[in-house]
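Asker: With these hints in hand, go ahead and build the complete structure from the sequences.
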Amino acid sequence: MSYFFIENIMDHYKNPRNMKIINEASSVFGDSNPTCGDTVKIFIKVNENKIEDIGFQGHGCALSMASSSLLTEMVKGSEMQDALKITESDLMRELGIKELGPNRIKCIALSVKTLKMAIIQYLSKVNHAGGGT
Amino acid sequence: MIEEDLDSIRSDFPIFEFNPKLIYMDSAATSQRPKNVIDKVTEVYSHYNSNVHRGIYSMAEKVTEEYENSRKEIAKFLGANADELIFTKNTTESLNLVAYMLLPKLKNGVITITELEHHSNILPWREVASLANAEIRTVAVDREGKIDYADFEKKVSGSSVLSFTHISNVAGTTLDAKKMVSAAKAEGAITVVDGAQAAPHLKLNLHDLGADFYALSGHKMLGPTGIGILYGNKRLLEDLEPPFRGGEMVTEVHAEGQEWNDVPLKFEPGTPNFAGAIGFGEATKYLEKIGMNDIESYEKKLGKALMEELTKIDGLEYIGPSEGRAALLSFKLKGYHPHDIAAFLDTRSIAIRSGFHCAQPLHERFGFFDGSARASLYFYNNLDEIESLAYSLKELVRL
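Residue numbers (the working numbering), protein chains in the order written: chain A, 1 to 133; chain B, 1 to 399.
No lab work stands behind these hints, which were simulated from the structure alone. Some clues are possibly wrong.
To be verified - The calculated DSBU-like cross-link candidates involving lysine-lysine, where the alpha carbons are at most 35 Å apart (straight line), are:
| # | chain 1 | residue 1 | chain 2 | residue 2 |
| --- | --- | --- | --- | --- |
| 1 | B | K334 | A | K116 |
| 2 | B | K334 | A | K14 |
| 3 | B | K334 | A | K106 |
| 4 | A | K76 | B | K334 |
| 5 | A | K125 | A | K45 |
Answerer: Here you go:
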């Protein structure tokens with residue numbers, strides 16, 4: 001079935017969750033898919049290794065926006081180490097998509113990759129600061 | 001007449017038999033292939049597969065003869081001579097090849113292109129420009145995606161090379177190639193025309209056009225993938241050095257020194273895609289049979305209908321001229337990402353392209369920052385399919 005007719009996807013696309021800027025974010029990372037112009041920026045607020053709050057901004061196709069929205073729901077409140085383990089397949093399962101061609105998987109991969117980079121950026125900042133004192 | 005014969009024409013294409021519901025509107029990316037082309041490629045591999053221009057046994061002679069006959073066939077189709085055609089992989093390789101061939105002539109020179117170019121006619125020039133310390137000038141287009149001729153005249157003045165697309169793969173504009181070529185030649189510039197989107201749709205006569213180089217792809221005009229052409233003016237081809245070297249392009253190699261083979265073989269190092277080349281010859285025979293003049297006039301009708309039907313849809317914006325366009329339309333629909341448009345149409349068995357179509361600067365020029373959805377037609381499409389496309393887009397808007 002095309003993703004167009006999967007209610008979960010269209011719901012997240014039309015009513016995105018956590019679509020917000022977090023001013024006091026611990027880490028912010030933005031990325032884009034140069035082949036289609038999709039952009040995603042993820043804000044995370046970390047407290048004791050947990051993603052206490054998360055927000056995203058961006059624009060793109062239904063698939064990239066719905067997956068970004070769902071991903072923020074999946075990781076909110078979870079340990080950073082667990083969030084780092086989330087793969088494109090996990091997100092596809094949650095979205096209710098059985099298979100996706102190699103050209104479209106990139107639409108889902110964007111948010112997964114961006115979240116990972118936001119976390120890694122946070123961790124390296126903390127480690128670096130830790131090493132310096 | 002194509003319109004009356006369309007059922008029989010479509011039955012020549014196995015894909016429509018395998019997939020009867022398919023409405024294929026992505027021919028600017030790659031065309032479908034008729035059975036005679038597919039059969040010819042199979043024939044090469046199953047009847048006389050051996051390397052060209054090497055062996056002296058009968059099969060090797062046969063394949064060489066087929067390869068060179070195909071070159072003659074394509075030359076006749078293009079209004080050129082066989083020894084002016086270099087077999088390449090595709091238009092992109094042709095444009096890269098000519099850019100590197102011209103590199104020694106470009107030191108501190110000026111390369112002029114236009115805003116309509118796709119990446120293949122931008123990036124090779126950027127590379128040689130940086131190697132030769134040359135300047136790149138870009139001719140502006142107006143709001144309808146047509147060449148601004150005042151700007152063209154200004155920019156072409158003093159150019160060493162002018163390289164431009166004959167038909168834009170995004171805007172659907174057909175450029176006045178003859179006028180541009182002769183203006184550039186009057187300035188002493190070498191002229192290169194990217195014919196990827198024109199060769200499949202227009203009756204060409206390269207000698208009459210007068211460009212020094214003309215690049216095209218076989219796979220956009222019924223031929224196999226992985227085969228293209230770089231046409232070059234014979235005198236220039238003889239004069240220029242081959243940028244790529246290896247077997248077949250030399251006659252003698254000694255411990256020191258070598259002799260280049262004659263043109264065009266001088267520019268075809270290594271084993272070529274001979275099955276593709278032979279299949280491409282077969283494709284041009286098929287196009288000749290249908291008739292390029294008929295194709296051109298039928299596609300004008302398709303282009304007009306496409307424009308009329310799609311512009312009735314609320315919130316649809318397009319790139320390119322309102323009249324006299326090629327049978328393709330790049331558009332966006334308010335509230336829908338191009339990928340979503342293509343994915344929805346896919347559920348209706350309509351295949352269109354979404355994205356930047358390898359021409360991002362052009363999309364940005366027109367404010368299409370998410371790319372566009374593009375329906376591109378060929379002579380095997382019909383008016384009913386355009387209606388189905390319009391119907392499905394209206395369905396999407398209502399969803």
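Asker: All hints are to be evaluated individually against the structure, with a verdict given for each.
Answerer: Results of checking the hints against the structure:
no. : hint            : in the structure
1   : B:K334 x A:K116 : holds (32 Å)
2   : B:K334 x A:K14  : holds (14 Å)
3   : B:K334 x A:K106 : holds (23 Å)
4   : A:K76 x B:K334  : holds (32 Å)
5   : A:K125 x A:K45  : holds (14 Å)
Of the numbered hints listed earlier, not one is contradicted by the structure.
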